[in-house]
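Asker: One-letter residues, chain by chain:
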Amino acid sequence: MSPVESGGDGGKWLDAHYDPVAGLYTFSSCVDLADLSGDGESRLVVGDLGSGSSGMKLKVYRGTALMSESTLLDLPAGLVAFFMDLHEPRIPAVAVASGPCIYVYKNLRPYFKFTLPSLEVNTLEQDVWQQVREGQIDPLTMKEMLESIRKKADVPLSVRSLRFLSLETEDMDEFVQLHKQQPIRRQTVITCIGTLKKSTADEDGVSCLVIGTESSDVYVLDPEAFIILSKMSLPAAPTMMDVTGQFDVEFRITVACRNGNIYILRRESDKPKYCIELPSHPVGLVRVGKNVVVGCTNESLQGFTQKGKKLWKAVLAAPITTMASMDLPTRGFQAVMVGLANCEVQLYRDKNLLSRIKTPDVVTSICFGRYGREDGTLIMTTKGGGLMVKILKRTAAFDDRDSAPGPPLAQSVRLNVPKKTKLYVDQTLRERENGLAMHRAFQMDLSRLRLAAAKAYVKALESSLTPMSSSLTEPLKMNAVVQGLGPSFKLTLNVQNTAACRPVMNLAISFLYDESLYRMRNPYMRIPLLVPGLIYPVETFVECTSDKGISDIIKVFVLHEGRSSPLLTAHINMPVSEGLTLN
Amino acid sequence: MGLFDKLAGWLGLKKEVNVLCLGLDNSGKTTIINHLKPTNAQAQDIVPTIGFSIEKFKTSSLSFTVFDMSGQGRYRNLWEHYYKEGQAIIFVIDSADKLRMVVAKEELDTLLNHPDIKHRRIPILFFANKMDVRDALSSVKVSQLLCLENIKDKPWHICATDALKGEGLQEGVDWLQDQIKTMRT
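From first to last, the protein sequence lines stand for chains L and A. At position 156 of the first sequence the residue is numbered 156 (my numbering), and the sequence of numbers has no breaks. With the second sequence counted from 1, adding 1000 to any position gets you my numbering.
For the record, the hints were derived by calculation from the structure and aren't laboratory data. Any given hint could be a false lead.
[Stated by the list, open to error] Listed below are the simulated DSS-like cross-link pairs for lysine-lysine, each with C-alpha atoms no more than 25 angstroms apart in a straight line:
1) L:K12 with A:K1105
2) A:K1058 with A:K1015
3) L:K290 with L:K59
4) A:K1015 with A:K1084
5) A:K1118 with L:K393
6) A:K1037 with A:K1015
7) L:K358 with A:K1105
8) A:K1037 with A:K1181
9) L:K393 with A:K1105
10) A:K1084 with A:K1058
11) L:K12 with A:K1118
12) L:K180 with L:K151
13) A:K1141 with L:K393
14) A:K1154 with A:K1141
15) A:K1084 with A:K1118
16) L:K271 with L:K290
17) A:K1181 with A:K1084
18) L:K113 with L:K59
[Claimed, not checked] Simulated coverage check for chain L against chain A, where a stretch passes if three residues somewhere in it have a Cβ under 8 angstroms from a Cβ of chain A:
19) 13–22
20) 62–71
21) 367–379
22) 385–395
Think of the CB as a built atom: it goes at the ideal place given N, C-alpha and C, for glycine as much as any other residue.
Please work from the sequences and hints to get the whole structure.
Answerer: Have a look at this one:
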């Protein structure tokens, strides 16, 4: 037991076991969990591919230890545990698909071997072998004849003939002598295997085996008699499949094929019902609820409905190595686990990445389910033959955060729109009925408003009252601030040149006021050069000479040297002086 | 207090102690408690506990009330509701289940960090159970895997037990009784 550092998974998984040298070389299709002894403890059943040419084994793990292993004759293509009968205690059988056969193990002992029916043999090919047997032709002629059959015939050659064609001339004679007496048979091989409940949806209901073959067929086998219950054909050889439903009621077989399409087969139809054309080849196929999640070679994960409608697409960081579903019925949680080539296993619910697990090696198979007595166990095997077991923490929670940028969450929150009141309805009705009159009244009022505004503007221009210069050469703006309580006031004029870049020069300010009321320190001031944009405060002091509590207007003129009309005028309403002059 | 205790002892009245019996499912909690009960009250068949059950047994000087909690994952969130009442904890570990040792450690850590437990000095008795199984881990190995040496602020003790035969149980209960007595005085 060597706990590994589990970085980045947010502390959701406990590292129960990691054996980097377990010597398990397998894929997700050859791994299953089943209670093989009926004691409530699930075992891990693995079809080990060994080195690919030798050392194929059926291995069973219990806890951290290898419990049993038995040699397999051929490379396993798939492995499933299933209930084949109703006998008590309920112990599932293990079916291993390899080559054209299914080996069924019960209590970990070989129980039954099922071989797929052989395919139709090319009659021409048969004739050629017949002639060879009778000694009418020599191997070289036979090679030529088989070569021509191979090119033309619709029925492909048998494995034996193909093998013969690949031989060197000196080996041919021996091969022919060895094989010419046996009749020719053409066999297909199994590419994928699945299980389909027969008549009940119970966890321990009897299941049929569903197998996909290289000859582009899908067979459903009876679990007790091992006869073919149903045969369906596909346009291409299947590679992966997912089966749901019950054979006697309604079922759906989703098959990913070697032509890059996914076909959906249903009961009472020997041809695919729906087809999903993928942009690139599928490498993983997982069903989550009613939807299908497909991993593609273009580093993407795509979701489809069971009728083949595309729902979403998520782009991944690295190529997919394997996929598996994570189903936790006790917590009502379903997700997809995706093993990536960058030593990571990512957990997706729909297109949202929920969590990621860093692994010390590239993961080649993933299996999630009940192992031992723990429901949420994740079992992974690595490229280097390692076995890794992680257990989901009881307290782990996956928050479904939408990582993809999109409309903010607030957008989907419904606004609390109040109900339509009677007043509102009446108003709408009125607007609908008298729309024309209302529009006219509005237009007339608008015209009047415009006229009034224009009149006021003209008046202001004529009397040069505006604090905004209308001159184009000296665009000026001014505002005046009066500070103080009296009798002495401070008058600040903020002058600004609003031109874009041209400065204004030779300006002066003069004041016009009632000399009996006010006294001003300097009623005429020169303004310095005005840089565009800056505000220049011009200050002066005004003294109220009257103590009668009256006030007047002081007129301010901004003048340009050499011109009689002011550029800008402003009327300042002086406040009433509240203090007395101290003479 | 001492005088009262002695008086109670003479009168045959024993001090009541509430003990929580925790541990993963199938670790042998109910079997252990069943073994500690008087012979005439022992059950023949042990079935998985649902929720929890309350059992009583007596030692030489104490009367134990044990909350035998279910260890199944879905009932483990019940445990914390009884932490307040517990004056001692019995934590049972399946020594033969190497795979789930991490789960036991996780549950123990959650227990020790719970606010109702964290700052109390309550004794914890560990039973490394199922010693009869062939490839069971030793009690030393179990305490190593559970990092028991990190428990500094509570008295704890680990016993290797076989609840089917009852081996090692008495040693643990004696220790627990001594601890409870020293805590009271």
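Asker: Against this structure, judge whether each hint is valid.
Answerer: Here is how each hint holds up against the structure:
1. Of the pairs offered as hints, the one joining K12 of chain L and K1105 of chain A holds, with about 14 angstroms between alpha carbons and a cut-off of 25 angstroms not exceeded.
2. Restraint check for K1058 of chain A and K1015 of chain A: satisfied, since their Cα atoms lie roughly 10 angstroms apart, inside the 25 angstroms limit.
3. For the suggested pair K290 of chain L and K59 of chain L, the alpha carbons sit about 33 angstroms apart, so the restraint of at most 25 angstroms is broken.
4. A threshold of 25 angstroms between alpha carbons decides the hint, and for K1015 of chain A with K1084 of chain A the separation of about 18 angstroms falls inside it, so the pair holds.
5. About 21 angstroms separates the Cα atoms of K1118 of chain A and K393 of chain L, which keeps this hinted pair within 25 angstroms; it holds.
6. Only pairs whose Cα atoms come within 25 angstroms are accepted, and K1037 of chain A paired with K1015 of chain A is accepted, the gap being roughly 17 angstroms.
7. As the CA atoms of K358 of chain L and K1105 of chain A are separated by approximately 22 angstroms, the hinted pair is consistent with the 25 angstroms bound.
8. Restraint check for K1037 of chain A and K1181 of chain A: the C-alpha separation of about 20 angstroms stays at or below 25 angstroms, so the hint holds.
9. At roughly 11 angstroms between alpha-carbon atoms, K393 of chain L and K1105 of chain A fall within 25 angstroms of each other, so this suggested pair holds.
10. The suggested pairing of K1084 of chain A with K1058 of chain A holds, with an alpha-carbon distance near 22 angstroms, which does not exceed 25 angstroms.
11. Distance restraint check for K12 of chain L and K1118 of chain A: the Cα-Cα separation of roughly 23 angstroms lies within the 25 angstroms cut-off, and the hinted pair is therefore satisfied.
12. At roughly 22 angstroms between alpha-carbon atoms, K180 of chain L and K151 of chain L fall within 25 angstroms of each other, so this suggested pair holds.
13. Between K1141 of chain A and K393 of chain L the alpha-carbon distance is near 23 angstroms, which keeps this suggested pair within the 25 angstroms criterion.
14. Distance hint between K1154 of chain A and K1141 of chain A is fulfilled; the C-alpha atoms sit about 20 angstroms from each other, no more than 25 angstroms.
15. Taking the CA atoms of K1084 of chain A and K1118 of chain A, the gap is near 11 angstroms; set against the 25 angstroms cutoff, the hint holds.
16. At roughly 21 angstroms between alpha-carbon atoms, K271 of chain L and K290 of chain L fall within 25 angstroms of each other, so this suggested pair holds.
17. Under the criterion of a C-alpha separation no larger than 25 angstroms, the hint pairing K1181 of chain A with K1084 of chain A is consistent with the structure, at around 19 angstroms.
18. About 18 angstroms separates the Cα atoms of K113 of chain L and K59 of chain L, which keeps this hinted pair within 25 angstroms; it holds.
19. Judged by the Cβ-Cβ criterion of 8 angstroms, the segment 13–22 of chain L is covered by chain A as claimed, because 4 of its residues qualify and three suffice.
20. Residue count for the segment 62–71 of chain L with a Cβ under 8 angstroms from a Cβ of chain A: 3. That meets the three needed, and the coverage hint holds.
21. Check on the segment 367–379 of chain L: 5 of its residues sit with their Cβ under 8 angstroms from a Cβ of chain A, so the three-residue criterion for coverage holds.
22. Counting residues of the segment 385–395 of chain L whose beta-carbon sits less than 8 angstroms from any beta-carbon of chain A gives 5, enough to reach three: the coverage restraint holds.
Figure legend: structure checked against the earlier numbered hints; the only hint not met is number 3.
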